[in-house]
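**Q** Those protein sequence lines, which keep their order, are chains E, C, H and W. My numbering puts the first residue of the first sequence at 878, with every later residue one more than the last. My numbering puts the first residue of the second sequence at 878, with every later residue one more than the last. My numbering puts the first residue of the third sequence at 878, with every later residue one more than the last. My numbering puts the first residue of the fourth sequence at 878, with every later residue one more than the last.
One or more of the hints may lead you astray.
Simulated pairs of lysine to aspartate or glutamate, DMTMM-like, Cα-Cα distance not exceeding 25 Å [to be verified]:
#, chain 1, residue 1, chain 2, residue 2
1, C, Lys1223, C, Glu1288
2, C, Lys1223, E, Asp951
3, E, Lys1223, C, Asp1081
4, W, Lys1223, H, Asp951
5, C, Lys1234, C, Asp1170
6, E, Lys1223, E, Glu1263
7, W, Lys1234, W, Asp1306
8, H, Lys1223, W, Glu1148
9, H, Lys1223, H, Asp1306
10, W, Lys1234, H, Glu1099
11, E, Lys1223, C, Asp1177
12, H, Lys1234, H, Glu1163
13, H, Lys1223, H, Asp1282
14, C, Lys1223, C, Asp1282
15, C, Lys1223, C, Asp1177
16, H, Lys1223, W, Asp1081
17, H, Lys1223, W, Glu954
18, E, Lys1223, C, Glu954
19, E, Lys1234, C, Glu1148
20, C, Lys1223, E, Glu1099
21, C, Lys1234, C, Glu1163
22, C, Lys1223, E, Asp1177
23, H, Lys1223, H, Glu1288
24, C, Lys1234, C, Glu1251
25, W, Lys1223, H, Asp1081
26, C, Lys1234, E, Glu1099
27, E, Lys1234, E, Glu1297
Note that these hints are calculated values from the structure, not bench results.
This is what each chain is made of:
4 protein chains.
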Amino acid sequence: MAAGNAIGRCPGSAEARERCGIIGICGTQSAAKLAYLGLYSLQHRGQESAGIVVSDGQEIQSKKGLGLLSAAIDPTELTQLPGHMAVGHVRYSTTGSGRVQIIQPLVIEYSRGIVAVAHNGNLTNARALRRSYEENGSIFQTSTDSEVFVHLLADPENAGAPDPLGRALQRVRGAYSLLVLTARQLVAVRDPYGFRPLALGQLDGGYVVASESCAFDLLGAEFVREIEPGEIVTISESGLRTSRFSEQTQRAYCVFEYIYFARPDSVIGGEVVHNVRLRLGAKLAEQWPAEADSVIAIPDSGNSAALGYSRRSAIPLDMGFVRNHYVGRTFITPAEEARISGVNIKLNILRDVVRGKRLVVVDDSIVRGTTSRERIAALREAGAREIHMRISAPPIRHPCFYGIDFQHADELIAASRSVEETCRFIGADSLGYQTIEGLVDALPGSADHYCLACFGGDYPVSPEEGMHKLSLEQRQG
Amino acid sequence: MAAGNAIGRCPGSAEARERCGIIGICGTQSAAKLAYLGLYSLQHRGQESAGIVVSDGQEIQSKKGLGLLSAAIDPTELTQLPGHMAVGHVRYSTTGSGRVQIIQPLVIEYSRGIVAVAHNGNLTNARALRRSYEENGSIFQTSTDSEVFVHLLADPENAGAPDPLGRALQRVRGAYSLLVLTARQLVAVRDPYGFRPLALGQLDGGYVVASESCAFDLLGAEFVREIEPGEIVTISESGLRTSRFSEQTQRAYCVFEYIYFARPDSVIGGEVVHNVRLRLGAKLAEQWPAEADSVIAIPDSGNSAALGYSRRSAIPLDMGFVRNHYVGRTFITPAEEARISGVNIKLNILRDVVRGKRLVVVDDSIVRGTTSRERIAALREAGAREIHMRISAPPIRHPCFYGIDFQHADELIAASRSVEETCRFIGADSLGYQTIEGLVDALPGSADHYCLACFGGDYPVSPEEGMHKLSLEQRQG
Amino acid sequence: MAAGNAIGRCPGSAEARERCGIIGICGTQSAAKLAYLGLYSLQHRGQESAGIVVSDGQEIQSKKGLGLLSAAIDPTELTQLPGHMAVGHVRYSTTGSGRVQIIQPLVIEYSRGIVAVAHNGNLTNARALRRSYEENGSIFQTSTDSEVFVHLLADPENAGAPDPLGRALQRVRGAYSLLVLTARQLVAVRDPYGFRPLALGQLDGGYVVASESCAFDLLGAEFVREIEPGEIVTISESGLRTSRFSEQTQRAYCVFEYIYFARPDSVIGGEVVHNVRLRLGAKLAEQWPAEADSVIAIPDSGNSAALGYSRRSAIPLDMGFVRNHYVGRTFITPAEEARISGVNIKLNILRDVVRGKRLVVVDDSIVRGTTSRERIAALREAGAREIHMRISAPPIRHPCFYGIDFQHADELIAASRSVEETCRFIGADSLGYQTIEGLVDALPGSADHYCLACFGGDYPVSPEEGMHKLSLEQRQG
Amino acid sequence: MAAGNAIGRCPGSAEARERCGIIGICGTQSAAKLAYLGLYSLQHRGQESAGIVVSDGQEIQSKKGLGLLSAAIDPTELTQLPGHMAVGHVRYSTTGSGRVQIIQPLVIEYSRGIVAVAHNGNLTNARALRRSYEENGSIFQTSTDSEVFVHLLADPENAGAPDPLGRALQRVRGAYSLLVLTARQLVAVRDPYGFRPLALGQLDGGYVVASESCAFDLLGAEFVREIEPGEIVTISESGLRTSRFSEQTQRAYCVFEYIYFARPDSVIGGEVVHNVRLRLGAKLAEQWPAEADSVIAIPDSGNSAALGYSRRSAIPLDMGFVRNHYVGRTFITPAEEARISGVNIKLNILRDVVRGKRLVVVDDSIVRGTTSRERIAALREAGAREIHMRISAPPIRHPCFYGIDFQHADELIAASRSVEETCRFIGADSLGYQTIEGLVDALPGSADHYCLACFGGDYPVSPEEGMHKLSLEQRQG
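Turn these sequences into a full structure, and let the hints steer you where they fit.
**A** Shown next as structure tokens:
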């Protein structure tokens, strides 16, 4: 058995902005199997690594691996993970680092025992916290935000306090939905702004906590409620306790969970995501009508909005692209060597459907604009007569520091180009973005409960210095 | 390095009915890479094993493996397969045998050299041919039909003839689209009835032969024409030669390529499959109208027909199910142990969409009826008010001996139950099957060019005795 | 799971000269485990691949792999091989071909069922037999002699006869100790000349057949007798039957089993090999005395003879070399790149022991002379004053066609150089080879029962044409 | 790619007593390859894991794995470890923990950069140091002594000092030969008592540091000298610097390196180990003569002493056992299930050699006595007439806290039984142990430079409380 590692300077946490899916199980038989299935429902939130940690009340054990869940963890080995409590994690990382050690959940032993941490979101003061601990002689095993939580727990100031976790959380800033497993309990935490979702369900007399409710459907669990921003939920053999560690009332729910990140069958903020997307499509049809023969979606993220557009506009929906379900990153290399665009690998155009047609093409968002440009070029090459691009999201002009991978402002086409310039860049005949009013109108609940920083630059929690540098200044450069 | 095998009695070929995808490349750089990408486009035709064999004009080399293409063959190793000619194969087998030896393309050395065979379809006299060779002292390495072709080639009667392959083909009966690679040439053959599709394309001055044209789109190859039933196309450095080995004129194209097997973006018989499916859906709307609030598809095979039904009926399309793209067979075991239905793993219902609604649910076909029953029960449990099932195919009453996996008549619900009984069994409020007239009407070309054996039992080529026993008699039993 | 192969022209059998170890078990619990342990005792006979095939009376299953037994077969998987009968094989091959398919025992299905063949030795008419079957349309899966046996069994002329194996053996020429396993019986055969050893033992009411008796010691089996040349022993649930398929009386036991190939603790021809080697060393001391300070062995093959020389000459034995027990072929590459001689990797000199000393150095044989030259140079570099080389075997002047890897005459230094020239080539102060008289004198039994072809060129069975070409003519070239 | 771990309470360091081999390379091309070959020479010091860490002056990279070197690190991957500096480690651990993380060399990043630590020996205050750091909030990744060194380096008190390592070493107690690699330098340290060996060599203008000089022979390096107890040697591009961190003058060289641990071809304390063992055998012949026919060794550790006994006593040496070179722990399981003693797997008796004979049997030491008992029983079963056991070491009565695996006093037969009782227990006709006087007489240098704690209980460095508990008290229990 062999293992190898290249270890250079560990990247600072600001570079490690991640989107992830997390799940926690407590109080059921075969917690590992349920966590596995739950992660499978959350696979769209991260395909680069997966991990499951279980406790049987005494011992903590884990399985982790790189890649999709099915590659990372052999399900036949789940029987080696006995226990009634589990946490699981799937990760998408922008760093590309393949170190097995940083696969979450992190499992770390400190003076008080062993703890496993699964985390979705990004801290805005992780670098500063790390630096201060290192100056005191502490050694970090990874560059993840998750380890910062453990050092906070191990800090003698917190470790000796009556509520070590609540006390530790006072020092972190930023976005985090967090699961902490010890030998005897599972703790779920959502940051005071509620950036990232986290839902609570019930199953067979036990509890499930997951990033999205679609995991409950598969497990046959019942949706109970969302974890509140600033809430700590502690689940153990003696049941569920809840407490608050912050009285802050400002909210900053991420709109991109609705626009493209969450699965359409998840219920967030009381509403199924598909219906919100239908409304986003209908809003687009109202704001940006078009003379066209067909409405087609960019699969799969544009599917619901295209249906909404078609219904409101009465322009027939058609299937312009077929998605290849078997795509994986392994295909990229040979495809590139054969000079085949990655765009074509994932989606194939139905030439006979688009030839000679005036098309409304609906997508969820435009980041760099290069993918849209390639898709539009491919449609034209297949004979499309007109292409009217309609986008469910408003123009993205600012990076996200809370867990969505808009990393650098200079990668965002809308940060430096007008809508007209963008339309020319992507080669469409017309381009209609969602307005911010249209967006908040389509969302459930109060408009001021959402984080709109990526559209307007108004950040609810300031990024720390390094993050700023990496992102905002690059845009100005 | 270790390898293991369980070898019992080899199953007779009649049990090894397979559906597959094949690709051949000749006259390009990096033939292995192109074959790999082509197989990736044909992955829907078989997910159990994959193999690529190349020739550089002198040496023949191969890579094979079990599972999806990405698991079976590491694309970084394709550079170890140099050559300008390649054949590839993906296989779906109903036997479940995981023997590495029978992964196609078969590579076999006989007195005249090394030959690789990739085959889609099923011979109806494979057992008889095998038995006669074994009685003469020949030894078979596998139970595949493909090996029968090689023994025919090695037979001194054929090996010494001017056209060994043409002569050998005189002795085989049944369905076969066949690729044969030797060190110096690639030969493509389609059986005289044309059961299974096979298309010819051009790329960079070379040729591509593939089960479906969608492979050409990805490679950037140009569609030339379909290989004719009874045609042998020989491609080598000196170009393309064509000949006929049969003057038979009856045709028996498989209708299930249109109904569910082929990708919607493939062009077969001159028409894109999606459009045929739209027409099948429209026919259903005409034949079997319904009072309903929404039309929903069983993804993905019902998508096009549901759209056709919605357009013709003016009942709005909606998204009733979300398909999980990451499903694989590895999930089955833990899911079963957690008492989770395989039906729910693949598709999740959008409860908020179906609750209280009268639904038209469109699917491609009903085989056993058990999957439909589970889906309908799940829709009811989610609150659907009425469920009107509409099926693109007519009732399937007879097994297929030519490569579609309707194996045994006793597995086919329509073989023993009336439509009303089936409707009750699956729990729908109404059930509307396509009529045979509706079907052939929606298909391109002449109605008598199609094999309709699975609906009416009229087999264009008689199965050999063993096949009959396995299938037809079981139904009567 | 992936598998790959490079298949060029299959090498003719003459190139595939192999030395091997075989074991058969019948009538015990856990036959696979006993076969595994037996192979472990026979590992010195072949380190390139290992395989075990079992039968439980109905089904035949196998595990095979490349490399040492421990790498080739995971012992924890032996429970997957239930049955009371087994055959095992370890192989050393001079071809270097790493094809998994040719790992023995070969398992092949033919018209009469499944058969597994494990074979030690080399046929001298394998090519001719193969050619004749291929001309009749038969297809060979491998280039091994073992497969020739199966085609002979499948031949309708033999398959229909009352004693198919006995009949088939009439057509083969050369050296073979053979085990054949079918679902219901184990058959052990030794060729009429008895080139290679094969012994019969008893264990727990069942039987063991092995290349060497050292396998019996480990298993706790009792040595019964050697299988006779020309004998077929058939073991099944109904006990042991013996018959003869040849009345030929000439014998040709291989002397190299005594000189270096067999383990010193094996009993062959009624005598423990160590004692024969002690006598070979004593003979050398008588024939080739020397004035010296110490006798040292080239470990391990020279150990016994060096002790014999020391005892007879009264020159004290010392330890001049330490053997590294962990050597494997994986070390060769980095060692070569670091310009370190392979000679030094395996054996390290004890400089303080040899410095300033007059040494008698005892080795089993000289093939090319290059290894001896390197060792002598290393001893001189370490300060040895005089080096008197003594060799247990006479000069090897002719290739072996019966399973010892003296392949080509032009690789044999004694084929083209006199003893004096060889002494100069290897750099010794004196060189003393065993005489043929000394050799046969030290061996048990009658002198005319041994094959001495490699010394004198008098081949008991003529090699077929291709073999001759490969070896003898190359020498003349 | 998958990785799994079971993490319970980390064992305290006292249980992790290890014997190991270490190597460091600085200033050569291909340092990784040389380290690999060096580890191969040191494989006898540890077969449970192996690791190599390299630096090219900027980046630090590593390869590690479980098992023998050849299994742990694929030598073809050494090219992925560029650099002119390397440290390597092979480990034998008594804990049996298979965690990949604790494979040495440990690679850890702390505030001052990345450091790799390879360590042979055992600290006697590791637990206390760890506890004090944990109370300060530090988190340990492993349970190894090696990590304690890194936390000492990261301690702000040391990290800021002019000589961080020298300062850190003031706080550790016990046995350690230590290699520390940073991006720019290699540091070699030997504890003030010099428990474990550590030698310095020169190669191609660079330096090699290794546990034993046999590694130099293979690399073609020249032996320079041993690293002095209490010395720090720092090697970098600017050459070699030496300094002392302790002025203590008491020495405590381990006698077991001579008795059985070191390779016979290593030079320690100015003398080749084989010659020391010859003298130990000669001393035994003087102290414990016997009337016998043959002297036989327990291979391989008794080989030299048996030769020494034979020479002094003039009783002829013979080969009573053959060692199987291919033994590995994988064989243990199936052998046990087949009720085959582990003793027989490793060594086979030459029955014809021992039958009817009066034997002197020479071994290096007796620990539990059970192995000796099994060997003697096997010799008697093979027909030996008398067995006179002679042991190179004196009776071992006390556990070792400095790196030899005599763990618990209650496992040591000599701790609770007299020589007569032991002789009866093992079943010998007579038993002669080395006297302590005989031992020190045979060793080079001054008698008071050796640690004799395991014979007399006089520990040069007191074990910490936990160690004491684990070992001494158990003996009393």
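**Q** State for each hint whether it applies.
**A** Outcome of the hint check:
no. : hint                  : result
1   : C:Lys1223 x C:Glu1288 : holds (22 Å)
2   : C:Lys1223 x E:Asp951  : holds (19 Å)
3   : E:Lys1223 x C:Asp1081 : holds (23 Å)
4   : W:Lys1223 x H:Asp951  : holds (19 Å)
5   : C:Lys1234 x C:Asp1170 : holds (6 Å)
6   : E:Lys1223 x E:Glu1263 : holds (23 Å)
7   : W:Lys1234 x W:Asp1306 : holds (13 Å)
8   : H:Lys1223 x W:Glu1148 : holds (23 Å)
9   : H:Lys1223 x H:Asp1306 : holds (24 Å)
10  : W:Lys1234 x H:Glu1099 : holds (22 Å)
11  : E:Lys1223 x C:Asp1177 : holds (16 Å)
12  : H:Lys1234 x H:Glu1163 : holds (21 Å)
13  : H:Lys1223 x H:Asp1282 : holds (20 Å)
14  : C:Lys1223 x C:Asp1282 : holds (20 Å)
15  : C:Lys1223 x C:Asp1177 : holds (11 Å)
16  : H:Lys1223 x W:Asp1081 : holds (23 Å)
17  : H:Lys1223 x W:Glu954  : holds (22 Å)
18  : E:Lys1223 x C:Glu954  : holds (22 Å)
19  : E:Lys1234 x C:Glu1148 : holds (17 Å)
20  : C:Lys1223 x E:Glu1099 : holds (19 Å)
21  : C:Lys1234 x C:Glu1163 : holds (22 Å)
22  : C:Lys1223 x E:Asp1177 : holds (16 Å)
23  : H:Lys1223 x H:Glu1288 : holds (22 Å)
24  : C:Lys1234 x C:Glu1251 : holds (18 Å)
25  : W:Lys1223 x H:Asp1081 : holds (23 Å)
26  : C:Lys1234 x E:Glu1099 : holds (22 Å)
27  : E:Lys1234 x E:Glu1297 : holds (23 Å)
Hint compliance for this structure: every hint is met.
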